[in-house]
Amino acid sequence: MSDFETVAATENQAARRGPSGEPGAPNQVGAAQKPRSLAGDAWRDLRRKPIFWISLTLVVLVAAMAAFPGLFTANDPRDCVLARQHAGPSGGAIFGYDFQGCDTYSRAVYGARASLLVGALSALFTGLIALLVGMTAGYFGRWVDAVLSRVIDIVLGIPLLLAAIVLLKRVNSDSSTVRIAAVIFVLAVLGWTTAARVVRSSVITAKEQDYVAAARMLGAGDSRIMLRHILPNALAPAIVVLTIALGSFIAAEATLSFLGIGLKAPTISWGIDIDAGRVHMRESATPLVVPSAFLALTVLAFIMLGDAIRDAFDPKLR
Amino acid sequence: MFRFVLRRLLQMVLAFFGTTLIVYALMFAGQGDPIQALAGERPVTAAQRAYLTEKFHLDQTGVGGFFYRYFDYISNLLQGDLGQSLTGRSIVDILTAAWPVTVKLALIAMAVTILFGVTAGVLAGIRRASIFDNSTLLLTLLVLGIPTIVLAPLAQYFLGVRWQLFPPTAGADPDFYALLLPGIVLGSLSLATALRLTRTSVAENLRADYVRTARSKGLVKRRIVSVHVLRNSLIPVVTFLGVELGNLMSGAIITEGVFNIPGVGFNLFRGIRTEDGPLVVGIVSVLVVVYLISNLVVDVLYAVLDPRIRYE
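Here the protein sequences line up with chains A and B, keeping their order. First residue of the first sequence: 24, per my numbering; consecutive thereafter. First residue of the second sequence: 1490, per my numbering; consecutive thereafter.
Watch out, some of these pointers could steer you wrong.
Stated by the list, open to error - Example chain A residues on the side facing chain B (calculated, C-beta under 10 Å, incomplete): (1) F148; (2) G164; (3) A277; (4) V322.
Claimed, not checked - Sample of chain B residues with no beta-carbon within 10 Å of chain A, all distances over it, derived: (5) F1491; (6) G1507; (7) D1561; (8) R1578; (9) S1579; (10) Y1646; (11) L1648; (12) F1665; (13) T1702; (14) I1713; (15) S1715; (16) G1746; (17) R1762; (18) A1792.
In case anyone wonders, no lab produced these hints; they're calculated from the structure. Keep in mind that this is a model prediction, so the values were computed, not measured. Virtual Cβ for every residue (Gly too), placed ideally from N, Cα, C.
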């Protein structure tokens, strides 16, 4: 299948694999003055990791590009003049011009917006669906769990790229808002299962805890227990999964746009530019290499960030 | 075991009907006048209209008519009749010509995965936390993070066009050499996952009780690793490779498209580009079936290989 599914599959295996059984590093409690929380521990662990800082810097950089592209380039990405087709670097165009005579660097900078928008919103909706389904299945158990788990199994069994192709072929509108919304919808509808499984399993662990029994004895209803006592426990693992998913959603968007069924021409997207650059790679390679590098670095940054946070939050893996 | 297989089979049948129903509903239902769509700009005579209505059961309306036509499509699909593409070629013929190429490519990718991924995974698992282990982990993270739409064109450009180590595209009847680079690109993703899976599995099994027993019996390390640990560690890897083989056979859309390999994925790629609806639906339907069956086989294989796993 395509790469974003493989990434999802790896995460899945990582989730299923559970504790790797590595002998825990000796606890460094000796010097501690006060008991530290899990988050505090994780933060201490993260602070020392160069990968965390590198990926965080990249993520902030890309987010800034998406929000204020004007800060990074003065050139208009849609200012294309055929006369400078494949021309070398000049002025603000540090990577030269592409086949249509557009500024390669400027297009790559402006491409961040669509990618990040699709990635972030897909992850948000995925998270909402996953929390809703995972919490319901995990908290109520029995037949509710049985039905929802089967639904998860079936959706997980649908190949993502193939289903996305079928769903998106149905969208005929060329309006960029509609296309972006359609891609987000497709990714959210097909991509929530892994996160839902993670939420479900953490809810099942959390609801057996004593404080939940105590809350129930004090007369708290289902909704209060779910929101106040169980949701906070399910949130952290879900956020980690969603950070990694965000990276793979960005890759998925680019792949769909590359195929010509995701975002379309007036929208600037790395996937579209990679495809355009690929066709003319013999004449000039920079229009292919530049958006490729932007896309790869962004996806990598999110995946490495999620990976680092997960390692920090999972004491069993230490 | 029998009950498990039966339940798994039922689940697959459900998933099959679910996905084909979605595919069908999205592609064919509610598209205005299908007869006019088939004819394009040309006028349709009353006789032709009556014939086509009869042939495709379009006189049945409403939900009942929709399901009538859906079961028509399903029974055609199960009988191996996928209809014609917009260019008039039989889709079954297209797929028959494309399968051998795709299978060849998938086998090359699989060989790359096993040769490098599993071997490196075993080494990394034995020497955990060594330089080799850490560098392979970082490398696999890189490979997993780089999308195919970046990897495939860049490999094609640098290795094929710039340095000319491999042929940049495969032609109509590709030989082994032409498929080697696309096979490596395609296999690199499963290579990374297989490596990580093997590494964890080996590292976990090295701490098992039976390893300690074997060591206290005085067996040499090579024998412990190659006989005791490997046999148990490769169970999850084998099942992963099974799923991957199914994926590779169906999912080489980008790789085959970029390297111009006339396989199944390439035809799907072209079908999307040329807006060939029937071709896309036909190929996707077949691929979904392949995907579901390979998943089923792997699940059953998993239960057979590892007797510790009990499915109630």
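Checklist entry - Out of the numbered hints, which ones does the structure contradict? => result Violated hints (numbers, rising): 1, 2, 6, 10, 16 and 17; every other hint is consistent with the structure.
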